[in-house]
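A.B. asks: Given only the sequences and the hints, what does the whole structure look like? Please build it.
Protein sequences appear in the order of chains A and B. According to the working numbering, the first sequence is numbered sequentially starting from 34. According to the working numbering, the second sequence is numbered sequentially starting from 205.
Honestly, the hints are just simulated from the structure, not real lab data. Positions of the beta carbon are idealized from the N, C-alpha and C atoms, including for glycine. Please note that a few of the clues may not be correct.
Stated by the list, open to error - If you want the footprint, here are the derived chain B segments under chain A, 3+ residues with CB under 8 Å:
#1 225-234
#2 383-394
To be verified - Derived Cβ-Cβ restraints for the label pairs, each shown as a range:
#3 Asp140(A) with Val462(B): 50 to 58 Å
#4 Arg479(B) with Ala153(A): 35 to 43 Å
#5 Ala153(A) with Pro308(B): 28 to 36 Å
#6 Ser250(A) with Trp474(B): 52 to 60 Å
#7 Pro149(A) with Arg221(B): 22 to 30 Å
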Amino acid sequence: MTDLVIDTRGLRKEYGAKVAVADLTLDVRPGEVFGFLGPNGAGKTTSIKMLLSLTKPTAGEATLLNRPLGDLAARTRIGYLPEHFRFHEWLRADEFLNLHGELYGMDRAARGVAVPRLLALVGLEDRAATKLGAFSKGMLQRIGLAQALLNDPALVFLDEPTSGLDPIGRRVVRDIITDLRERGMAVFLNSHFLSEVEKTCDRVAFIRSGRILQTSSLKEFEQEAMQVVVRVGQPTPELLAGLARFGQNVVQQPDDGRIHLTLGDEAQLPALANWVVQSGYSLYELTPAHLSLEERFLQVVGEEMDE
Amino acid sequence: MAILVIARLTIREAQRRRLLWVALFMGVAFLLVFGLAFHFIRLDIERHAAATDQLAFVSVFLLTAGLYAVNLLVNVVAVLVSVTTISGEIESHTIDAIVTKPIPRWQVVVGKWLGYAALVLLYLVFLVGGLMLIVYLRSGFMMDNIGRGVLMMALAALLILTMSIAGGTRLSTIANGVLTFMLFGIAFLGGLVEQVGALLRNQAAVNVGIVSSLIMPADALWKKAVAYFQTNSPTTPFELGPFATITEPSTLMVVYAVIYLVGLLLFALWSFSRRDL
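C.D. replies: Listed below in structure tokens is the structure:
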């Protein structure tokens, strides 16, 4: 027994001769926002479908909330916003949430509290009596999100929750995800918007060709090697030599005279600044730059893309 | 109870999409046409023939013709309303957010089946009741064994409904529609061939008819219904055609149809429960 909310070992899905997911091995801890990243066709959707028992794995083992896949008791504490969701458009927003509440087994009193609360959470409280058929794409996405949170789940799967949303809608969804984390829910987020994942996720997994290539926490990324740009008044060869004591790959750009170097550790940054100033150089610029998630994504996933 | 939630949702969908109202409106139109036709034909007969058995003959004939039309309509409506329900929701992914709730998948199928069965049976009762009432009010004629006969018609409609729901768990909407209608057509043709065979005493043709009834017993059930309707008719009014029962299907065929229906429904539950969505 572990206290992981998602624990999979070698989940595999074959469709005939085609392998959609070769080996899905990952773990998601309680209360963390877990980003699931990969190019189109990498097996993301099939992975989510297996976890939610929409599709049966060919091989492998997995537990959600310490219960085997498909366990009904576990499902009472799981929420899901499907990617290409389409709901019964002839239902009103409040009827729609009531229906899904009933399917979760919530009684009338519980639904009476949850439905207005969630309508308000996604900013649709004044649209309760509007039919879903009259909703915009963004409103549908938000009501879908409300549906996934009806049962106050311990684990929520969000499959592309911000696709088709405008920047304001994306912001609303992002704030909701942040709020969910603060309330201790685990979120499994599948998104193409890397900047968003960067802002909301604790850890990310990169998947390509049906395999997890790397799982790391975003904090680890920050502590990892960083690129630094230095610009001083009159750079000298002694300066370059001195900087080489702090980091590697010290290169002066021929065009603007800026010096680029790689630091092994962020903690060296103050000492470096101190040394430059103490040595009598006029320091105009000292810019640390982490690899963005996008750069890292391309690095991890893109390396072998051309094969 | 999730089954009832889904059943209620199914009925509500029929209401909201105006299916129910269009069907009721057209049903009333159908009854109106039948009523007018019955009135004028009866008027004509009354002028020429006064013998009560001849008058009864006309009532039986027209009522059976009306019931035949009802049987056909209800079966077609049963397919049309249910043919997209599972395959369509799989294709649109509407089903994804439903089957990931804490309910077993088979309950979704049973709920939908119950909802549509209630609608189809209500429609059958509405149309048959309308016909009976028109005939009774105009002529005072009551058909024998109407209850048992309608029971056979109901069984046929449920059979077609179950076929369309079971097909939807495996096939695309359009393929499912073709399958169900073709099975219906085979049963109809087989029934006709059997009648001709019985008339000509051609055992091979009769056997073809029996085999087709085994493939899809809907038409045999209609024949059984007609046999109930016409048990006490003074004369055998029909020699051939869909209103005729030269060979009455055995009770065994009815038992077979019930087993067929239950088996098909169980297949639908099993099939939907284990398929990848």
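A.B. asks: Give a verdict on every hint.
C.D. replies: For each hint, the structure was consulted:
Against chain A, the stretch 225-234 of chain B contributes 0 residues with a C-beta closer than 8 Å to a partner C-beta. That does not satisfy the three-residue criterion, and the hint is violated. Counting residues of the stretch 383-394 of chain B whose CB lies closer than 8 Å to any CB of chain A gives 0, which falls below the minimum of 3, so the coverage claim is violated. Look at Asp140(A) against Val462(B): about 37 Å separates their beta carbons, and that is not inside 50 to 58 Å. A hinted range of 35 to 43 Å for the beta carbons of Arg479(B) and Ala153(A) is consistent with their spacing of about 38 Å.
Between Ala153(A) and Pro308(B) the Cβ separation comes to about 33 Å, which falls inside the hinted range of 28 to 36 Å. Remark: the range hint 52 to 60 Å for Ser250(A) to Trp474(B) is contradicted by a beta-carbon distance near 44 Å. Distance hint check: the CB atoms of Pro149(A) and Arg221(B) are about 27 Å apart, consistent with the given range 22 to 30 Å.
Violation of the numbered hints given earlier is confined to hints 1, 2, 3, 6; the remaining hints are satisfied by the structure.
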